[in-house]
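Using the sequences and the hints given, assemble the complete structure.
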Amino acid sequence: MTRTYSPGSLVTARGREWVVLPETKPDLLVLRPLGGSDDDISAVFPAFEKVQDAQFAPPSPADLGDQRAAGLLRSALRIGFRSGAGPFRSLAGIAVEPRAYQLVPLLMALRQQTVRLLISDDVGIGKTVEAGLIAKELLAQGEAKGLAVLCSPALAEQWQEELRTKFGIDAELVLASTVSRLERGLDLGQSLFDRYPHVIISTDYIKSTRHRDDFVDHCPDLVIVDEAHTCVAADDTVSTQNQLRYELLRRIAEDTERHLLLVTATPHSGKESGFRNLLGLVRPELADVDLETDRGRRLLAQHFVQRKRGDVRQYLTKESGLADDSLAEKTAFPSDRKSKDEKYKLSPAYRALLDDAIAYASERVQAAGEQGRREARIAWWSAIALLRSLVSSPRAAAQTLSTRSAAAVAASAEEADRLAAPLTRDSADSDALEGLDAAPGAETEGAGARLADLAERAAALEGPEEDLKLAALVRHLKALLKDGYHPIVFCRYIPTAEYVAEHLEKKLGSRTVVKAVTGTLSPQQRLTRIEELATLAGDDPAARRVLVATDCLSEGVNLQHHFDAVLHYDLAWNPTRHDQREGRVDRYGQKRDEVRVITLYGIDNGIDGKVLEVLIAKHRQIRKDLGISVSVPDEASSGVTDAIVEWLLMRGRQPEQEGLFAVDALETVNARAAELESEWNSAAERETASRSRFAQRAIHPEEVAREVAAIRDALGRADEVGGFVRHALAALEAHVVEAGDGTGDFTAEVSGVPAGLRDALAPVAGAEAVESGRPIPFRATAAVARGEAALVRTDPVVGAVAAHVLNTALDTEAAGRRPARRCGVVSTAAVTVPTTLLLVRYRFHLTLPSRQGKRRIVAEDARLLAYEGTAKNPVWLPEDRALALLTAKAAESTDDYFQERTMQRTLGQLDSAQAHMAAYGDRLAEELHESHRRVRRASDEIVQGLKVTAQQPADILGVYVYLPPIHADGEAA
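Going by the numbering used here, the first residue of the sequence shown is number 1, and it counts up by one from there.
Quick caveat, the hints were computed from the structure, so don't treat them as lab data.
The model shown is predicted, which means the values in this text are computed figures rather than measured ones.
Just so you know, even glycine gets a beta-carbon here, dropped at the ideal spot from N, CA and C.
Possibly wrong hints are sitting among the right ones.
[As the list claims (entries may be wrong)] Here are the simulated lysine-lysine pairs, DSS-like style, with alpha carbons at most 25 Å apart:
(1) K318 with K338
(2) K308 with K318
(3) K947 with K25
(4) K338 with K618
(5) K343 with K610
(6) K145 with K338
(7) K618 with K340
(8) K506 with K345
(9) K478 with K507
(10) K618 with K345
(11) K482 with K591
(12) K591 with K478
(13) K345 with K507
(14) K166 with K591
(15) K345 with K308
(16) K340 with K610
(17) K50 with K345
(18) K343 with K624
(19) K515 with K591
(20) K343 with K506
(21) K624 with K340
(22) K618 with K308
(23) K340 with K166
(24) K478 with K506
(25) K166 with K330
(26) K343 with K478
(27) K318 with K330
(28) K318 with K345
(29) K610 with K338
(30) K308 with K330
[Claimed, not checked] The following label-pair restraints were derived from C-beta to C-beta distances:
(31) F48 with S893: 49 to 55 Å
(32) E23 with V875: 41 to 47 Å
(33) E257 with K343: 57 to 63 Å
(34) D922 with F48: 36 to 42 Å
(35) F48 with R111: 45 to 51 Å
(36) S751 with H916: 43 to 49 Å
(37) E23 with D811: 25 to 31 Å
(38) T165 with E414: 45 to 51 Å
(39) D27 with R111: 40 to 46 Å
(40) A815 with A730: 15 to 21 Å
So, in structure tokens, the structure goes:
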């Protein structure tokens with residue numbers, strides 16, 4: 001007859017110990033490894049495999065450790081927990097340690113039965129982590145079964161990597177390039193979205209009517225929309241693409257049971273109607289409710305979170321409304337961007353080419369204006385393309401002059417605008433950045449010979465002798481490199497980026513590695529190229545990295561680990577693009593306190609000076625005043641740049657004509673600039689008022705502090721992890737070297753650690769680093785580059801060290817050094833009477849209600865209990881005094897025989913402590929029950945049926961006796 005096992009009991013099978021889970025059946029055991037995660041769950045048929053009761057062995061009194069043994073074992077145990085008992089089911093198992101402020105959206109989400117949030121934190125604060133936390137938690141709690149992320153195809157691989165490495169969510173990419181492969185594995189009639197529960201989808205692919213209906217019909221119950229502001233229709237003037245995206249989101253949001261997270265740093269984009277449409281997707285009432293009323297603001301606060309860096313740089317402090325700074329958290333954003341505008345002049349030959357090109361463009365525009373509206377618009381867009389490429393570089397100019405204009409095939413003026421505008425303007429509402437960095441083309445009918453001559457002259461100007469813009473770039477880059485910076489050079493066009501990279505490789509010296517990343521590469525190839533650049537530069541402090549890129553990297557891609565300066569080689573005609581470029585390096589995880597920004601501009605090309613004065617400088621000032629960026633109103637911005645082009649073309653006419661029009665054109669530029677400034681100031685005022693009115697007030701810092709304290713009590717604090725890794729590696733004969741710069745960073749060379757640990761480290765730290773003796777960098781920040789380890793409990797390298805320490809502590813026969821032991825006797829001045837510290841592991845049975853029904857789970861927790869005297873007549877100590885024993889210093893060595901006898905006597909009396917440990921476990925269960933209710937309090941339906949009970953008896957993992965020192969006269973000190 002097959003033995004039955006109750007949930008929560010321990011069994012031994014397959015050579016290890018397991019916890020029996022509630023899903024177990026009489027003939028099938030569902031098991032999770034002791035201390036393991038849900039990913040490690042296995043099924044065992046007891047009729048075919050040997051399964052027996054596991055009795056947790058008591059500590060051996062002969063296996064004694066030193067004063068650090070208890071602390072190392074406790075930390076190793078806590079770091080290894082992947083199934084915590086608290087209300088946040090996912091935090092124990094993710095590979096990122098969220099900042100306290102990043103828990104706010106999660107707390108907001110858990111107070112809603114159907115989660116609907118608009119997350120609009122500033123660039124670089126960590127919206128992806130915030131959305132990932134919510135997704136992982138909903139999946140872990142059974143509130144959601146599947147996940148879809150809608151994003152730009154350029155960011156799909158990054159989303160996939162973030163979800164996989166940080167949150168353990170494996171998602172398939174659904175892109176135009178992957179769909180055929182995925183569909184080949186489908187059953188007849190099966191939807192792609194039924195086969196793959198977690199998907200990352202190109203918004204531009206799925207929005208088409210061909211694909212949209214199948215997705216909507218089989219859409220997962222949790223959807224994240226990245227860059228959500230590009231998916232709303234603000235008014236009738238928006239593109240067809242925006243309207244298709246909005247229709248897709250509207251249909252997804254129609255299912256009131258579907259969780260929906262909208263993510264964007266710019267929810268307004270200068271248009272109130274677009275903001276209201278976003279809110280309407282979250283909750284229909286919000287599209288029309290009066291947000292000036294208390295009711296409107298309260299309704300919005302449940303669904304909207306928007307914070308700038310200043311709001312979270314110092315968090316959970318007395319200034320936040322807390323009683324003290326004990327939980328204060330400082331987030332190391334760069335303190336400032338040091339921006340500088342650097343000018344250059346055209347060489348005489350380049351000046352002559354530009355003048356001739358302007359004259360040609362002016363003639364073409366004037367002549368086309370007499371032929372009809374279609375011809376006029378084609379000529380207009382060709383002129384803009386020609387001027388922008390000439391100002392960019394000789395190579396971009398030559399390619400544009402020899403390439404047919406995108407607008408030339410247009411059948412109407414409206415089609416010409418639609419085809420050419422994305423290639424020649426930098427609208428914040430551009431559908432996507434993919435394909436927009438190609439040289440735009442300026443050739444039209446009947447212009448071949450003249451354009452060919454201009455193209456030939458442009459090609460002859462390549463190199464720093466005639467291209468003084470390139471010479472200025474080399475000069476400023478050398479200064480940045482000398483100061484230790486690793487810059488990104490942003491260019492508008494692919495030919496410019498390739499041209500710049502070629503010349504920089506020759507000019508910047510052998511210790512500087514230069515690579516170009518443009519739209520000619522796929523998104524995955526771009527990330528690979530960046531990693532290649534970082535690898536080639538290596539760890540040599542004298543080596544430098546220079547990345548030359550187009551705006552295919554200006555949105556969404558995180559580059560702060562490898563670069564710390566930005567140089568705008570080409571001015572964007574929308575300053576929001578500059579902010580996006582700079583945001584790639586100026587974000588959380590940037591090691592530099594000061595990010596440098598250099599903007600190159602030509603003082604005599606007729607375009608740059610005005611764009612810098614009217615657009616870039618104004619945007620920069622607003623950002624400095626408000627601490628956030630305010631999107632430039634697109635129509636007003638385009639009006640200014642159009643006026644600048646008109647003025648240039650007027651100047652290019654014959655002298656007798658120029659005088660008639662140029663002055664009027666310049667006045668038009670100034671008038672439109674004034675209109676733009678007025679509209680922009682109004683937008684800034686609205687944004688300021690909005691930030692004040694709609695500040696995040698749904699979750700008070702006190703509530704966050706309470707949950708942060710509970711999480712740290714259960715899972716450990718950051719300083720505990722750092723101390724553990726240092727001491728454990730040193731005890732295991734790694735060579736640990738402190739950075740000595742006050743950051744808390746260090747490196748560890750691990751080739752000398754035991755073979756078991758080397759084997760565990762190789763797949764997570766890199767076999768080459770482990771075996772060759774290359775030091776592994778350990779960083780005190782959770783945001784680390786590839787090849788580095790974060791001193792957080794969920795980092796894979798930290799987890800490997802903790803698992804080794806725990807396993808060798810439990811296995812008295814393990815080979816090699818064993819830094820943690822289950823017993824210890826310490827003589828210390830920290831106590832005045834004999835004191836015993838117990839490291840106890842509790843298991844809890846939780847019944848958690850969800851929309852999918854009740855779920856029964858088994859979770860673990862580790863606690864320290866201490867008493868003075870003996871177990872038969874104990875004086876139990878408060879938790880803070882028990883914790884303080886971990887840092888007690890040994891006053892003198894103790895005789896081995898005496899230690900063993902003391903430990904035998906203590907272990908023999910521990911049965912008398914079982915009643916107290918059981919009562920303590922029951923109290924923990926009550927606290928956990930209240931914690932779950934508190935987090936989910938907004939929904940009575942969610943918490944009905946919630947139940948938490950402690951499994952008895954608890955496991956005693958460690959027993960440590962602290963004795964007062966003995967004076968020479970034999971008396972205790």
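Do the hints match the structure? See the list:
no.	hint	in the structure
1	K318 with K338	violated (30 Å)
2	K308 with K318	holds (19 Å)
3	K947 with K25	holds (21 Å)
4	K338 with K618	holds (16 Å)
5	K343 with K610	holds (13 Å)
6	K145 with K338	violated (46 Å)
7	K618 with K340	holds (14 Å)
8	K506 with K345	holds (23 Å)
9	K478 with K507	holds (9 Å)
10	K618 with K345	holds (23 Å)
11	K482 with K591	holds (18 Å)
12	K591 with K478	holds (21 Å)
13	K345 with K507	holds (20 Å)
14	K166 with K591	holds (20 Å)
15	K345 with K308	violated (38 Å)
16	K340 with K610	holds (17 Å)
17	K50 with K345	violated (83 Å)
18	K343 with K624	holds (22 Å)
19	K515 with K591	holds (22 Å)
20	K343 with K506	holds (23 Å)
21	K624 with K340	holds (14 Å)
22	K618 with K308	holds (20 Å)
23	K340 with K166	violated (37 Å)
24	K478 with K506	holds (13 Å)
25	K166 with K330	holds (22 Å)
26	K343 with K478	holds (16 Å)
27	K318 with K330	holds (13 Å)
28	K318 with K345	violated (53 Å)
29	K610 with K338	holds (22 Å)
30	K308 with K330	holds (14 Å)
31	F48 with S893: 49 to 55 Å	holds (53 Å)
32	E23 with V875: 41 to 47 Å	holds (43 Å)
33	E257 with K343: 57 to 63 Å	holds (59 Å)
34	D922 with F48: 36 to 42 Å	holds (38 Å)
35	F48 with R111: 45 to 51 Å	holds (46 Å)
36	S751 with H916: 43 to 49 Å	holds (46 Å)
37	E23 with D811: 25 to 31 Å	holds (29 Å)
38	T165 with E414: 45 to 51 Å	holds (46 Å)
39	D27 with R111: 40 to 46 Å	holds (41 Å)
40	A815 with A730: 15 to 21 Å	holds (19 Å)
Hints 1, 6, 15, 17, 23 and 28 from the list above are not met by this structure, while the remaining hints are.
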